[in-house]
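A.B. asks: Taken in order, the sequence shown gives residues 1 to 332; the numbers are from the numbering used here.
Think of the hints as simulated: they come from the structure by calculation, not from any bench. Heads up, a few of these hints could be off.
[As the list claims (entries may be wrong)] Here are the in silico distance ranges between beta carbons for each label pair:
| no. | residue 1 | residue 2 | range |
| --- | --- | --- | --- |
| 1 | E285 | A230 | 16 to 22 Å |
| 2 | K299 | L121 | 53 to 59 Å |
| 3 | P74 | F218 | 35 to 41 Å |
Note that the Cβ used here is the ideal one computed from N, Cα and C, for glycine as well.
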Amino acid sequence: MKDIIALLKKGSGASLTASIVNFFIAAIKGSAFILTGNVAMFAEMMHSIGDALNQFFVYVGSGLSKKAPTKRFPFGFGRLVNLVLLFAVIIVGILAYETVREGLKHILEPLPVETDTTMLLINIGVLAMAAILEAFVLFKAGKELLKQADQPFDGLKPLTTSFIHMDRAKPATKLVFLEDTVATGGALLAILAILIARFTGFSQAEGIASIMIGIAMFYIVYKIFMENAAGALGEHDPRMEQRVSEIVLRHDEIRDIRKLFVMKEGDLLHVEIVAELDPDLSVEEVNAIRDDIEEMILKQRHVVDVNTEFEVDDGHRAWPQTQNELDKKPKK
1 MKDIIALLKK GSGASLTASI VNFFIAAIKG SAFILTGNVA MFAEMMHSIG DALNQFFVYV
61 GSGLSKKAPT KRFPFGFGRL VNLVLLFAVI IVGILAYETV REGLKHILEP LPVETDTTML
121 LINIGVLAMA AILEAFVLFK AGKELLKQAD QPFDGLKPLT TSFIHMDRAK PATKLVFLED
181 TVATGGALLA ILAILIARFT GFSQAEGIAS IMIGIAMFYI VYKIFMENAA GALGEHDPRM
241 EQRVSEIVLR HDEIRDIRKL FVMKEGDLLH VEIVAELDPD LSVEEVNAIR DDIEEMILKQ
301 RHVVDVNTEF EVDDGHRAWP QTQNELDKKP KK
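Generate the whole structure from the sequences, applying the supplied hints.
C.D. replies: Structure, rendered in structure tokens:
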């Protein structure tokens, strides 16, 4: 039990925060349903419960994926987070389908516009509170995303520049960031639709807003599914491969890189290198170069192991880098 708790402490903080906040939002919407008897608010409550359970499941999966390798699973459990997220997007897909279906229903069979001012204020108040809470989670997720991307996260950057660096975030953080982007925007869009329906009589506005939110959720399903399907199969990391190549080629004794592969295992990275050396080096010099390279690479974020092999320079350049760039290597 202590081992499980220790692993959960390593889980995605953004997922846990989002889960707690969504349970709280569900409670608020449930209270509004009891007060108003609004069936739409009941549906919103169930939607928030679904989000909360989904994000808690992602939190648990992201923590368990940190479990150390075992005899049965010698490569570790890193890809577990990819499998968990594939399951999570199925839930998001179901919610997206229901959201679009309800939107179409409201367009084809529009409900009477709410004229009771008290009920209107309760509905708008609940949605406004939900928007504020979701924006808080979005800010936290954006901050965590920027930390993982090694970018500054001061001021409003978690709500602005985080979108630019989203592809460099951990899978669980990315899912929470996208979900809460849609949730925050969706709550504001729902408020706008209610006001349009109330003051113009165009009751189909709420249905249109629902469809727009559902389409945005389907985008999340597509993006997260494609990325985590690749991760579950075993995907390389080209950005880290470039960084590792710079570390390797800074040694003047290394003539070329014959093979370099950085494989993602969930949040973790495994590095494989085959480099070509000056044939005149001694064994001691080769070992010193290997130790220096592996020490530098293991300092990179998310890298957990490095396997380095050396071959004698064959005189043919294999690594796709220009000779001009190689000539610019800093001298020792």
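A.B. asks: Next step is simple, just say for each hint if it's right about the structure.
C.D. replies: Quick rundown of the hints versus the structure:
1. Take E285 and A230: their Cβ atoms lie about 39 Å apart, and the range 16 to 22 Å is violated.
2. A C-beta distance of roughly 56 Å is found between K299 and L121, which places it inside the suggested range of 53 to 59 Å.
3. Distance hint check for P74 and F218: the Cβ-Cβ separation is about 38 Å, which falls inside the suggested range of 35 to 41 Å.
Checked against the numbered hints listed earlier, the structure breaks hint 1 alone; every other hint is satisfied.
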